[in-house]
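Once you know that position 68 of the sequence shown is 68 in the working numbering, the rest is easy, because the numbers rise by one and skip nothing.
Hints listed in this document are in silico derivations from the structure and should not be mistaken for laboratory results. Do not take every clue at face value.
Okay, the calculated beta carbon distance ranges per label pair [to be verified]:
id, residue 1, residue 2, range
1, Arg35, Ile72, 32 to 40 Å
2, Pro46, Ala6, 36 to 44 Å
3, Arg39, Ala67, 14 to 22 Å
Note that the Cβ used here is the ideal one computed from N, Cα and C, for glycine as well.
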Amino acid sequence: MEHGFAVSEIDTSRPHPARMYDAYLGGKDNYAADREAVRQVLRAAPEVRDTARANRAFLQRAVRFLAGEAGIRQFL
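Generate coordinates for the entire structure from the input sequences, incorporating the hints supplied.
Put into structure tokens, the structure is as follows:
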């Protein structure tokens with residue numbers, strides 16, 4: 001494959017940080033391995049879910065400010 005990766009290359013049997021973040025936020029784009037890893041993390045550090053939610057809320061506030069008040073029109 002010239003660009004990107006084939007779907008068959010995604011290993012859903014191992015947790016991935018991005019999918020775990022999705023699970024912390026209550027999303028649907030995660031797999032059993034991600035959810036199990038999240039359960040283990042939350043047993044050790046229950047505040048991680050609140051931290052992920054606070055991070056997402058900050059991201060939304062920052063983008064709203066940059067797009068609305070700072071005049072930024074393009075985000076990569």
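Okay, the hints, checked on the actual structure:
1. Arg35 - Ile72: 32 to 40 Å: 35 Å, holds
2. Pro46 - Ala6: 36 to 44 Å: Given a distance of about 37 Å, which is inside 36 to 44 Å, the answer is holds.
3. Arg39 - Ala67: 14 to 22 Å: With Cβ atoms ~36 Å apart, the hint is violated.
Of the numbered hints stated above, the single one contradicted by the structure is hint 3.
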